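So the protein sequences, as listed, match chains A and B.
In this note's numbering, each residue's number is its place in the first sequence (first place is 1) plus 17.
In this note's numbering, each residue's number is its place in the second sequence (first place is 1) plus 17.
Don't read these hints as lab results, they were simulated from the structure.
Nothing here was measured: the structure is a model prediction, and the numbers come from that model.
Treat the hints with care, since some could be wrong.
One copy or two, it doesn't matter: identical chains are merged, so the pair holds either way.
Unchecked claim - Below, in silico cross-link-like pairs of lysine-lysine (DSS-like), each with a Cα-Cα straight-line distance of 30 Å or less:
#1 Lys346 - Lys301
#2 Lys144 - Lys45
#3 Lys378 - Lys301
#4 Lys378 - Lys144
#5 Lys134 - Lys250
#6 Lys378 - Lys250
#7 Lys346 - Lys247
2 protein chains.
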Amino acid sequence: MQTMYQKMDDAELASALADLKAQVAEVKARGLKLDMARGKPSPEQVDISRPMLDLLSSSADLTDEGVDCSNYGCFEGIPSARKLAGEFLGVPAEQTIVLGSSSLNIMQDVIVHYWEKGVPGHTPWHKLEGVKWLCPAPGYDRHFGLTEDLGIQNIPVRMTETGPDMDEVERLVATDPSIKGMFCVPKYSNPTGVTYSDETVRRLATMECAAPDFRIVWDDAYAVHDFGEKPEKLANIFDFAREAGNEDRILAVASTSKITFPGAGIAFFGSSPSNVAEVASTLKVGLISANKLNQLMHVRFLPTLDAVREHMERHAEFLRPRFACVQSKLEEGLGGTGCATWTHPNGGYFVSFDGPEGSAKRVGALCKEMGVTMTPAGATWPYGEDPRDTNIRIAPSYPSVEELSAALDVLVLAVKLVSAELASEERA
Amino acid sequence: MQTMYQKMDDAELASALADLKAQVAEVKARGLKLDMARGKPSPEQVDISRPMLDLLSSSADLTDEGVDCSNYGCFEGIPSARKLAGEFLGVPAEQTIVLGSSSLNIMQDVIVHYWEKGVPGHTPWHKLEGVKWLCPAPGYDRHFGLTEDLGIQNIPVRMTETGPDMDEVERLVATDPSIKGMFCVPKYSNPTGVTYSDETVRRLATMECAAPDFRIVWDDAYAVHDFGEKPEKLANIFDFAREAGNEDRILAVASTSKITFPGAGIAFFGSSPSNVAEVASTLKVGLISANKLNQLMHVRFLPTLDAVREHMERHAEFLRPRFACVQSKLEEGLGGTGCATWTHPNGGYFVSFDGPEGSAKRVGALCKEMGVTMTPAGATWPYGEDPRDTNIRIAPSYPSVEELSAALDVLVLAVKLVSAELASEERA
Chain A
18 MQTMYQKMDD
28 AELASALADL
38 KAQVAEVKAR
48 GLKLDMARGK
58 PSPEQVDISR
68 PMLDLLSSSA
78 DLTDEGVDCS
88 NYGCFEGIPS
98 ARKLAGEFLG
108 VPAEQTIVLG
118 SSSLNIMQDV
128 IVHYWEKGVP
138 GHTPWHKLEG
148 VKWLCPAPGY
158 DRHFGLTEDL
168 GIQNIPVRMT
178 ETGPDMDEVE
188 RLVATDPSIK
198 GMFCVPKYSN
208 PTGVTYSDET
218 VRRLATMECA
228 APDFRIVWDD
238 AYAVHDFGEK
248 PEKLANIFDF
258 AREAGNEDRI
268 LAVASTSKIT
278 FPGAGIAFFG
288 SSPSNVAEVA
298 STLKVGLISA
308 NKLNQLMHVR
318 FLPTLDAVRE
328 HMERHAEFLR
338 PRFACVQSKL
348 EEGLGGTGCA
358 TWTHPNGGYF
368 VSFDGPEGSA
378 KRVGALCKEM
388 GVTMTPAGAT
398 WPYGEDPRDT
408 NIRIAPSYPS
418 VEELSAALDV
428 LVLAVKLVSA
438 ELASEERA
Chain B
18 MQTMYQKMDD
28 AELASALADL
38 KAQVAEVKAR
48 GLKLDMARGK
58 PSPEQVDISR
68 PMLDLLSSSA
78 DLTDEGVDCS
88 NYGCFEGIPS
98 ARKLAGEFLG
108 VPAEQTIVLG
118 SSSLNIMQDV
128 IVHYWEKGVP
138 GHTPWHKLEG
148 VKWLCPAPGY
158 DRHFGLTEDL
168 GIQNIPVRMT
178 ETGPDMDEVE
188 RLVATDPSIK
198 GMFCVPKYSN
208 PTGVTYSDET
218 VRRLATMECA
228 APDFRIVWDD
238 AYAVHDFGEK
248 PEKLANIFDF
258 AREAGNEDRI
268 LAVASTSKIT
278 FPGAGIAFFG
288 SSPSNVAEVA
298 STLKVGLISA
308 NKLNQLMHVR
318 FLPTLDAVRE
328 HMERHAEFLR
338 PRFACVQSKL
348 EEGLGGTGCA
358 TWTHPNGGYF
368 VSFDGPEGSA
378 KRVGALCKEM
388 GVTMTPAGAT
398 WPYGEDPRDT
408 NIRIAPSYPS
418 VEELSAALDV
428 LVLAVKLVSA
438 ELASEERA
């Protein structure tokens with residue numbers, strides 16, 4: 018599709034460029050300082066979890082089903098928290114481990130463990146040449162960082178509206194035994210907001226893999242983070258995997274970081290019975306037990322998944338107007354210009370935005386010059402290399418709607434100027 | 018030294034054996050269930066930290082020097098906690114990182130990091146054949162587990178009354194470049210209770226190492242855990258190391274696990290400025306930020322090292338009678354028998370007990386038959402291999418004084434019977 022600037026004649030384009038540059042100069046002069054880079058809730062949104070802090074006091078019962086949460090022990094997590102983890106991840110409580118506050122940390126521990134010692138019965142990954150990993154893109158930069166850090170080669174696979182391009186995924190894993198795993202954010206994917214279709218989930222769980230030690234990191238980070246009219250429903254990957262005898266393939270994680278306090282929540286791991294036993298025995302080498310008081314405080318506040326969903330309704334009240342603002346501002350500023358497409362998520366924390374080819378880095382830089390910080394262009398691709406340089410992740414949760422609105426005006430202006438410049442450069 | 022049983026004539030020994038066996042049978046019939054295995058505080062002792070739980074409530078200020086502790090960010094830890102960590106470890110606050118609840122986890126992360134990628138400028142340890150590590154013994158089994166898990170060869174070095182045998186340590190590290198590090202619990206060492214002398218600290222900091230990437234894990238787990246008449250004073254190893262240009266050698270850790278809530282405290286890392294920067298950049302790959310609300314709660318409760326020391330006075334009140342009970346029971350039961358020696362610590366959590374050669378495993382098993390669980394014999398040595406099979410770790414903190422007293426009677430009886438049996442077997 019052509020942009021409106023490509024369709025202009027030279028005089029029109031020159032005039033549009035002059036006008037846009039004048040607007041940019043004007044914005045620069047205003048000395049804005051706005052931030053749409055970070056997928057973190059606003060302070061007011063975080064505050065809805067404050068009542069949780071009253072639940073553990075000096076006189077509280079600090080036991081959970083007979084487990085003393087105030088002393089060492091109970092490595093796998095307290096019983097109530099494991100029950101909640103099971104509900105979250107779609108496995109029985111015994112197939113979970115509840116740990117500290119970071120699911121990213123759990124993913125790293127498990128991947129590093131396989132890298133060090135291998136999936137049981139298989140060669141440690143550090144002893145193999147050219148281990149590869151599939152990275153749906155646009156995707157989550159911190160995922161890609163885990164494998165990159167170990168020297169594992171990240172292979173991008175394009176995201177579609179039903180999840181990763183499964184034809185491509187199946188083709189790759191069927192023939193290449195050095196592909197050892199894949200990252201997935203299956204619900205309200207970061208940043209596209211896509212929820213994997215049932216068919217995608219089934220294919221991931223049942224596909225033939227050349228590597229017998231192939232693993233899927235199933236990061237259900239936005240399992241309950243709905244704000245659309247109707248929550249999207251993700252199929253239970255364990256059901257498919259169990260039937261196909263592939264339950265060991267699935268390494269599921271989630272956390273309450275965007276449910277209670279970011280960075281101070283509790284994190285869950287769920288997998289097959291044998292994986293859970295093996296991962297627990299591995300993690301025990303470096304941990305006596307996790308913070309069980311934090312687990313206890315959480316389950317007192319959110320004892321069931323229903324309680325979690327009720328709490329998430331309140332989060333949605335903060336997110337809904339922000340995402341509506343993104344949608345209306347982008348539609349108003351860029352609708353019909355041919356300069357951009359963007360997603361309309363029903364949950365999660367991001368809008369995935371695509372400008373013309375070769376625009377994203379320039380748009381990011383221009384926004385910065387105008388005082389608006391965006392997630393660095395390219396961050397949504399492995400090694401920061403967006404092959405077409407189109408994708409920008411918009412994180413609208415932290416700023417106020419007013420700030421957000423101002424930041425989106427800047428983004429729209431930047432996209433227009435860069436699109437016009439690109440059209441002009443084509444002609445040169 | 019001979020045991021009293023070795024000095025007996027055959028008839029006396031036979032009579033003593035019969036008498037001891039009768040006593041054992043009697044104890045077995047009582048069906049005791051006592052535990053001296055675990056270095057954890059008693060529930061009553063843990064409860065003294067309960068007031069901390071009232072300090073973060075729904076209406077509390079959740080910021081620390083301008084840092085919002087209720088949201089992502091501030092990876093290195095909140096300012097007040099880093100100050101406290103600096104006081105703890107003897108380094109400036111900027112040379113610390115404050116993380117989750119486990120110092121063991123920090124040690125593992127750092128060792129695994131060097132194993133994966135190497136100390137900057139040096140070969141990753143996983144690419145080297147036969148990496149070795151020095152393990153003062155008797156020592157802490159979980160330390161030994163960290164290196165054992167990576168296939169690093171643990172080399173025991175005997176503990177003396179002033180710390181590890183430094184002549185042996187210096188001899189080994191000077192000539193063998195495959196020795197990459199060493200574990201130290203420098204104050205009230207687990208389990209001997211020894212505090213390293215100033216001279217030992219100085220030698221560790223300044224000794225010549227064949228490996229330029231040699232590291233000392235300086236686990237100051239019992240930094241403030243005094244209960245004797247006068248706190249023992251540990252020299253600041255960083256002062257010596259800095260002077261010798263070896264500051265990078267020292268990886269210091271500590272935690273509040275035995276200060277506030279075991280497993281739910283906050284853990285500290287401290288090292289040279291360059292190590293701290295490098296370790297932070299490494300850990301950031303797998304962690305957005307640690308639980309800063311827990312950090313905030315801790316520094317509100319214990320804002321300074323002086324406040325910590327005051328709080329530790331109260332802990333000492335629980336520990337003092339228990340350690341006194343161990344001393345009086347062992348003296349009463351085994352004093353002058355030649356069957357045992359044991360330590361008289363002024364702090365920490367353990368008494369290190371040595372019976373006759375070849376006795377420890379049998380004593381442990383016999384205690385178990387009589388209903389008393391001890392730390393498994395051998396646990397204080399790498400690979401569980403106590404070369405003379407003499408050492409038993411006594412952990413008196415958890416049981417009540419009454420239970421402890423009963424458990425020590427059992428231990429005394431077991432040591433006597435095994436000593437008598439050993440004397441009898443010598444003659445056969």
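Going down the list of hints, with the structure as the test:
When the C-alpha separation of Lys346 and Lys301 is checked against a cutoff of 30 Å, the pair qualifies neither within a copy, at 50 Å, nor between copies, at 35 Å. Proximity of Lys144 to Lys45 under the C-alpha cut-off of 30 Å is found in neither arrangement, the shortest distances being 53 Å within a copy and 52 Å between copies. Only between protomers do Lys378 and Lys301 lie at most 30 Å apart by alpha-carbon distance; the minimum there is 25 Å, versus 44 Å within a single protomer. For a Cα distance limit of 30 Å, the shortest separation of Lys378 from Lys144 qualifies neither inside one copy, at 37 Å, nor across copies, at 39 Å.
Proximity of Lys134 to Lys250 under the C-alpha cut-off of 30 Å is found in neither arrangement, the shortest distances being 36 Å within a copy and 41 Å between copies. Neither within a single protomer nor between protomers do Lys378 and Lys250 lie at most 30 Å apart by alpha-carbon distance, with minima of 34 Å and 57 Å respectively. Taking the closest pair of Cα atoms, Lys346 and Lys247 come within 30 Å of each other only inside a single copy of the chain (23 Å); across copies the shortest separation is 69 Å, beyond that limit.
Violated hints, in rising order: 1, 2, 4, 5, 6; the structure is consistent with all others.
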